[in-house]
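Q: Sequence:
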Amino acid sequence: MTDALSADVVVVGGGNAALAAALAAAEGGAGVRLLEAAPADERGGNSTYTAGAMRVVFDGTDALRALMPDLSGRELAETDFGAYTEADYYDDMARLTLYRADPDLVEQLVTRSHPTLLWLGSKGVRFQPSYGRQAFRREGRFRFWGGLAVEAWGGGPGLVSSLYEAAAKTGIGVHYRAEARSLLAGDGGVRGVRARIEGRTVDIHARAVVLACGGFEANAAWRARYLGPGWDLAKVRGTRFNQGDGIRMALEAGAMPAGNWSGCHAVAWDRNAPEFGDLAVGDGFQKHSYPFSIVVNAAGERFVDEGADFRNYTYAAYGRRILEQPGQVAWQVFDARVTHLLRDEYRIRQVTKAKADTLEDLAERMEGIDGARFLETVRTFNAAVTTEVPFDPTVKDGRGTRGLALPKSNWANRIETPPFEAYAVTCGITFTFGGLAIDPEARVQAVSGAPIPGLFAAGELVGGLFYGNYPGGTGLVSGAVFGRLAGAGAARYAAEGT
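The sequence shown begins at 1 in my numbering and counts up one residue at a time.
Hint data in this document are derived by calculation from the structure and do not stem from the laboratory. It is possible that part of the hints are untrue.
Claimed, not checked - Quick list of in silico lysine-lysine cross-link-like pairs, DSS-like style, CA-CA up to 30 Å: (1) K355 with K396; (2) K396 with K353; (3) K169 with K123.
Stated by the list, open to error - Cβ pair distances, simulated, as ranges: (4) A280 with D62: 34 to 42 Å; (5) T358 with G121: 46 to 54 Å; (6) T387 with I348: 49 to 57 Å; (7) I348 with R138: 19 to 27 Å; (8) R402 with T358: 24 to 32 Å; (9) D41 with P326: 34 to 42 Å; (10) S122 with R240: 29 to 37 Å; (11) R225 with G403: 37 to 45 Å.
Here a beta-carbon is modelled for each residue, glycine too, at the ideal position from N, C-alpha and C.
Model the full structure from these sequences, guided by the hints.
A: Written out as structure tokens, the structure is:
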């Protein structure tokens with residue numbers, strides 16, 4: 001026997017995008033139920049596993065102070081935040097996706113980024129400067145780089161906690177261990193969700209549904225099918241609950257697939273990290289200081305330009321490159337002159353690390369590597385470094401290499417000062433880029449090109465924003481922007497039927 005519940009709007013998902021949708025729908029006067037597949041202690045989807053970085057438009061410090069009213073005069077005096085304009089955001093989205101990103105969705109993302117963060121602030125979310133990950137101190141001042149200056153207070157866990165507190169105050173009904181199985185759909189559109197809640201099948205009848213339950217990155221079979229051979233071997237950075245169910249349900253109801261189904265956000269991740277994310281460690285398994293290293297594979301050879309761009313613009317693509325290497329493993333090798341620049345994630349207890357006072361000893365301690373070839377790679381690299389160019393981690397300094405078939409374009413330093421440190425990494429997948437077609441109001445589109453009545457989507461299951469690469473900090477902002485649009489649209493549809 002199937003139980004039954006009802007609501008004006010049902011939101012499927014439990015992370016940043018889903019909560020933004022639920023709060024916006026409630027703000028629009030709708031009665032809302034939210035279905036989180038995870039138990040309460042694992043709630044929040046991938047959002048809980050993030051560092052909370054937010055790529056947002058700001059023309060200067062006044063725009064930042066609107067988001068972070070706690071900024072002190074001393075912080076403002078000692079920090080060069082720079083600016084990140086709408087034009088910068090458009091350029092980054094276009095450049096990194098090779099001009100394939102849906103321009104209408106990008107416009108919503110860019111123009112609504114700052115107003116949406118202000119709205120999140122009104123719901124109790126706090127923001128702070130991302131000093132620990134996005135700034136270096138130089139000549140007495142912190143200098144931000146890569147257009148990313150803002151993060152949620154408390155990172156991903158802080159963001160999720162604040163949003164759930166807001167949901168509770170708003171009276172949103174939250175169901176945990178609630179696995180959505182199918183949409184209740186007919187000739188008139190979508191009218192609810194069939195789910196398993198605490199082991200019981202329940203039909204939740206609603207006037208509108210928002211899907212915001214992530215991509216298919218936790219589904220090894222789907223990864224191998226859509227991303228390609230070997231992707232079943234990738235580690236999953238976040239939740240194990242993102243199995244692609246929201247995408248599947250929508251496609252079964254006639255939705256149009258969209259975006260880069262063979263692409264994903266994937267990073268350098270500790271070689272011995274667990275198969276899925278560990279909330280006790282969060283995103284500490286990532287290893288993102290590689291622009292100051294050389295990265296070598298098991299053959300002892302470099303295979304990427306470590307300094308091609310700021311970390312924010314390469315890290316989401318380099319996981320794929322690591323997966324392509326023998327054994328799906330690589331080593332990041334650092335000289336002692338730059339180890340003080342390494343992010344905190346390199347200092348966690350659960351780290352796969354080798355350290356030695358000579359390169360020969362280091363090679364012996366780097367498990368599985370061709371030591372002789374590695375030493376030759378280091379010698380060749382050291383001879384090619386343009387040491388006459390000053391090193392500056394806060395800008396693309398042009399300190400590269402000369403004469404190598406695979407150059408290093410910026411931040412090149414000889415590997416010659418002990419002690420040397422090397423960190424073993426593999427591929428960690430964050431989320432998939434393929435998903436559902438939506439219009440700028442977050443309405444899910446049918447194959448016919450018309451919106452499916454009563455169905456909206458937001459977050460990582462939306463296709464059309466990212467192709468091949470990704471500007472760091474965009475995921476949470478796009479989730480919030482389109483989550484807010486989806487929730488507001490669902491509430492209007494519930495009230496008016498349009």
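Q: Each hint: holds or not?
A: Hints and how they fare:
{"no.": "1", "hint": "K355 with K396", "verdict": "holds (28 Å)"}
{"no.": "2", "hint": "K396 with K353", "verdict": "holds (28 Å)"}
{"no.": "3", "hint": "K169 with K123", "verdict": "holds (10 Å)"}
{"no.": "4", "hint": "A280 with D62: 34 to 42 Å", "verdict": "holds (39 Å)"}
{"no.": "5", "hint": "T358 with G121: 46 to 54 Å", "verdict": "holds (52 Å)"}
{"no.": "6", "hint": "T387 with I348: 49 to 57 Å", "verdict": "violated (32 Å)"}
{"no.": "7", "hint": "I348 with R138: 19 to 27 Å", "verdict": "holds (26 Å)"}
{"no.": "8", "hint": "R402 with T358: 24 to 32 Å", "verdict": "holds (26 Å)"}
{"no.": "9", "hint": "D41 with P326: 34 to 42 Å", "verdict": "holds (38 Å)"}
{"no.": "10", "hint": "S122 with R240: 29 to 37 Å", "verdict": "holds (33 Å)"}
{"no.": "11", "hint": "R225 with G403: 37 to 45 Å", "verdict": "holds (42 Å)"}
Figure legend: structure checked against the earlier numbered hints; the only hint not met is number 6.
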